[in-house]
Amino acid sequence: MPPARPRLLYVTDLAYPARGRRYCDEDIQLTARLREDFDLALCHPRDAAALMDAFDAVVVRNSGPVLEYRAEYDDFRARALDAGVRVYNPLTGRADMAGKQYLLDLTAAGHPVIPTVDRHEDLHRLPAVDRYVVKPELGADSIGLRIVPADRLPGLVDGTVLVQPYIDFAYEVSFYFVDHDFQYALYAPDRDRRWQLEPYRPTGDDLEFARRFVHWNGLAHGIQRVDACRAPDGGLLLVELEDLNPYLSLDALDGPRREAFVAALKASLHRFLACAP
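Counting from 808, one number per residue, gives the positions in the sequence shown under the numbering used here.
None of these hints come from the bench; they were simulated from the model. Worth double-checking, as some hints may not be accurate.
[Stated by the list, open to error] Label pairs and their computed distance ranges (CB to CB):
#1 H931 - A857: 45 to 53 Å
#2 R812 - D975: 32 to 40 Å
#3 E928 - P956: 15 to 23 Å
#4 D1061 - Y973: 19 to 27 Å
#5 G906 - C1082: 22 to 30 Å
#6 S1056 - P956: 27 to 35 Å
#7 E843 - P961: 53 to 61 Å
[Said to hold, decoys possible] Here are the simulated lysine to any residue pairs, SDA-like style, with alpha carbons at most 25 Å apart:
#8 K907 - A856
#9 K942 - A856
#10 K942 - Y876
#11 K942 - R926
#12 K1073 - A864
#13 K907 - P824
#14 K1073 - Y830
#15 K942 - D975
#16 K907 - L874
#17 K1073 - M859
#18 K907 - Y1054
#19 K942 - H918
#20 K907 - P919
#21 K1073 - L841
All C-beta atoms in this analysis are idealised placements derived from N, C-alpha and C, irrespective of residue type, glycine included.
Make the full structure from the sequences, and use the hints.
Structure below.
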């Protein structure tokens, strides 16, 4: 009798209406390939806590912004940690899966990140510009993001929002990693069309920039996306470190690069499952 294959619960919201992207297409295609190595079932994020005990690991993928099901996610997270359930990405991430506090911490530590504050008394720490970006501290997918003139800031900073200077960047670029291994990079040459992505060939300095944040996060396993913008001085600034459910934009890759990513993901999951819970 052949040995039992690992069982994965793949968490996704196939109906989430992402702007400029089709989450469902990516997850349908990716799960079709993962079934070559694993026994696999899909579920909505609201159902993960009730189903996870029957599987060897839970893989959180395109599950949509947590703020839309905050209570269910907090319950899933608490129960998974208490029971020692394997969750991929592991729940120890310090970036987006833990909220936006990391942007404040990285700013305070002097990392190359868009300067970020959340208190009225810290506004003076930001560069003086005509416009600022204000977004909810628990936001995601640009939900609630506003661009406002400087004179409106005092009435908006109430401890629930983050404030950043508006950066007149040249383009946004994303670096994708499996575990600590770089896989590919994509960028949006038209800044007004964030999800019209094309392959990007990173320089050595670009990869050094991206890797510093992957190492800072400390995840031994999982998928991470480092989002950055090319600032007016030519350097990169971190926009977001997505370590919960980063959309992968696999449709922007050619066949060989997509196959290489799938192989890397399978290998990572096998290594993850071989570790003690």
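Evaluation of the provided hints:
no. : hint                     : verdict
1   : H931 - A857: 45 to 53 Å  : holds (48 Å)
2   : R812 - D975: 32 to 40 Å  : violated (51 Å)
3   : E928 - P956: 15 to 23 Å  : holds (20 Å)
4   : D1061 - Y973: 19 to 27 Å : violated (35 Å)
5   : G906 - C1082: 22 to 30 Å : holds (26 Å)
6   : S1056 - P956: 27 to 35 Å : holds (33 Å)
7   : E843 - P961: 53 to 61 Å  : holds (56 Å)
8   : K907 - A856              : holds (24 Å)
9   : K942 - A856              : violated (29 Å)
10  : K942 - Y876              : holds (19 Å)
11  : K942 - R926              : holds (13 Å)
12  : K1073 - A864             : holds (13 Å)
13  : K907 - P824              : holds (23 Å)
14  : K1073 - Y830             : holds (20 Å)
15  : K942 - D975              : holds (17 Å)
16  : K907 - L874              : holds (13 Å)
17  : K1073 - M859             : holds (20 Å)
18  : K907 - Y1054             : holds (18 Å)
19  : K942 - H918              : holds (20 Å)
20  : K907 - P919              : holds (16 Å)
21  : K1073 - L841             : holds (7 Å)
Consistency note: the structure conflicts with the earlier hints numbered 2, 4 and 9.
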